[in-house]
Amino acid sequence: MRAPADFERSDDNGEAVLRFSGNLSLACLGDLPARLETVEGGVARLDLREVGRMDTVGAWVVHRFARERGATIEGLNADEQHLLDQVIAAEHPIQLPPPPPGSFTRALDEIGKAVINSGKTLYGLLGFMGATVLALWHVIRHPSRFRFNATVQRFEVVGVGALAIIGLMSFLIGIVIAQQGSVQLRQFGAEIYTINLLGRLTLRELGILMTAIMIAGRSGSAFAAQIGTMKLTEEIDAMRTIGVSPMEALVLPRVFAVVFMLPLLGFYSSLVSILGGGLLCWVDLGITPVTFIHRIREVVPLTDLWVGLVKAPVFGAIIAMAGCFHGMQVEGDAEQVGQRTTTAVVQAIFLVIVLDAFFAVFFTNVGWT
Amino acid sequence: MTDAARNDRDILIRVRGLCNGFGEQMVHEGLDLDVRRGEILGVVGGSGTGKSVLMRSIIGLQSPLDGTVEVFGENTIGREETDAIDIRKRWGILFQGGALFSTLTVSENVQVPLREYYPGLDQALLEEIAAYKVVMTGLPPEAAPKYPAELSGGMKKRAGLARALALDPELLFLDEPTAGLDPIGAAAFDELTASLQKTLGLTVFLITHDLDTLYAICDRVAVLADKRVIAVGTIPELLALDHPWIQEYFNGPRGRAAVAGPNRHVHEDKRG
Chain A
2 MRAPADFERS DDNGEAVLRF SGNLSLACLG DLPARLETVE GGVARLDLRE VGRMDTVGAW
62 VVHRFARERG ATIEGLNADE QHLLDQVIAA EHPIQLPPPP PGSFTRALDE IGKAVINSGK
122 TLYGLLGFMG ATVLALWHVI RHPSRFRFNA TVQRFEVVGV GALAIIGLMS FLIGIVIAQQ
182 GSVQLRQFGA EIYTINLLGR LTLRELGILM TAIMIAGRSG SAFAAQIGTM KLTEEIDAMR
242 TIGVSPMEAL VLPRVFAVVF MLPLLGFYSS LVSILGGGLL CWVDLGITPV TFIHRIREVV
302 PLTDLWVGLV KAPVFGAIIA MAGCFHGMQV EGDAEQVGQR TTTAVVQAIF LVIVLDAFFA
362 VFFTNVGWT
Chain B
166 MTDAARNDRD ILIRVRGLCN GFGEQMVHEG LDLDVRRGEI LGVVGGSGTG KSVLMRSIIG
226 LQSPLDGTVE VFGENTIGRE ETDAIDIRKR WGILFQGGAL FSTLTVSENV QVPLREYYPG
286 LDQALLEEIA AYKVVMTGLP PEAAPKYPAE LSGGMKKRAG LARALALDPE LLFLDEPTAG
346 LDPIGAAAFD ELTASLQKTL GLTVFLITHD LDTLYAICDR VAVLADKRVI AVGTIPELLA
406 LDHPWIQEYF NGPRGRAAVA GPNRHVHEDK RG
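Chains as they are written, first to last, in my numbering: chain A, 2 to 370; chain B, 166 to 437.
Here chain A stands alone, though its shape is the one from the complex (with noise of 0.2 Å):
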């Protein structure tokens, strides 16, 4: 059943035959092909008749073998004579991919591309805002179309499926800058100010920060791929025919959850950082719980609480458009998808970090401090 496919060259008349034996069939050709290469001078004649069983691999072989050397294939039975036709009826010339330009060329040539890309998103983005911000204007319009369900389902999603996640971060965050912290200060036999360190820290920056960054990886990535697999599966387009608008179905609901779920999310994690930073106090420095929470009502400004609670909607809002932006995005394959969010994410985190430090230089600047 298997034996290998072979050949032998023989004179006949002075005419140079090779006589192939065995199977010509894909998984008995072996090194035949290679072989073949090997054979010099012309050939006259392929004899086939010793050959087994011929699949259109083997045909091909053949066939190319004998069109390179002009020779004649002969011992075809019937079935041969058919598949041997068929495959010269689909033999076209190929057109092989161009060699890949140089190193150097092609760095110039990603780099080109990467600038234009980006300029590409960021006015997409832009566009995407002013779109969103069309719909929330239609809906203020149109009270009756907004989807107060969606809504309350996207809350859920966002807002309490996070809790244990965001809950567990900020409590060792925050035994992480109370240790750190109390290490550093005990220097100067100041470990008290450990509270003032933790307090401001939390409330006006980490929380918040923290909280958008895991959001952004949680809810920002779910947005891009929900809505990139649903244009994938042309449900997108299915929506817009039955006459509902994407942004307000799909973009209005998670932008609004977002906006939401993530002032009330940051502050939850500033209290849970700032609980276990009061843990490591009260274990390691012999801070008790008590003189700890009149410390941190003293040294906290309640302007810290409003930094961060101001902050919060604009990062929930980035995230979201930036999530849903991508989706939207989406075309052709599945490797878009994939692509499209983790584009999405890096530039939820990335513009989150870039506001946060225009926010840190404006609060500053209006007395905040």
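I should point out that these hints are in silico values taken from the structure, not numbers from a laboratory. Take these hints with a grain of salt, some might be off.
[What the hints assert, rightly or not] Below are the DSBU-like pairs computed for lysine-lysine, each with C-alpha atoms no more than 35 Å apart in a straight line: (1) 311/B <-> 114/A; (2) 311/B <-> 363/B; (3) 254/B <-> 392/B; (4) 311/B <-> 121/A; (5) 311/B <-> 254/B; (6) 254/B <-> 363/B.
Since this is a predicted model, take the numbers as computed values, not measurements.
With chain A held as given, fit chain B onto it using these hints.
Okay, now just chain B, sitting in the frame of chain A:
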């Protein structure tokens, strides 16, 4: 050789007592089916009778609750992807939507099984094999360097078929190959299947809703209903049965149209 042994060799797929179900709902209960070497077996049944589930069970993608499935005399149930290589080399599968790898071109898609099983083949030969396979399935040569996203639905099916045929398999599974094609394209696909079957000596397991396909190219038809195969046979044999679904199916308005239709001559050509 005894009769039984010869029969065994002539049966490529043997399904016995197959039971499949999802949760409470049973799809198959005690399903038996034989597919003989060299035939085109059409599998028909109403929506939701588990035609695709049957195919997935045979090719080992779905673990049934009970029963045995043998392909080429070997069990396929519960085998790992990297296991049962000898069977996998000998079959080709066309999924409903083509299931092309979206990040590879058509030509690269066809080369995937070749590279996987025969890493020794050189690049030029791979390209040539992919090129003639693509043309053989009726695609224009320009389609080879394109990505699946750039192809129409019918072209994706043909590209999927080219990949299914990459290894010159003995057994071909087609899941609704003509669904979503225009009638001319569907007829061409039927002729292509029949011609490839003749050229390569294929055995074809063909799931279809298309009555024209059944009349045009199928040697036998298996009817799925009541959670099992209720009948297998040529269309005249099935018509002689007194099952309401079969009568409704073949004698409904579409069934009668298919008998009278232009594809009839293909059927007769093949017989003659």
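Here is what the structure says about each hint:
{"no.": "1", "hint": "311/B <-> 114/A", "verdict": "holds, 22 Å"}
{"no.": "2", "hint": "311/B <-> 363/B", "verdict": "holds, 29 Å"}
{"no.": "3", "hint": "254/B <-> 392/B", "verdict": "holds, 31 Å"}
{"no.": "4", "hint": "311/B <-> 121/A", "verdict": "holds, 25 Å"}
{"no.": "5", "hint": "311/B <-> 254/B", "verdict": "holds, 26 Å"}
{"no.": "6", "hint": "254/B <-> 363/B", "verdict": "holds, 20 Å"}
No hint from the list above goes unmet by this structure.
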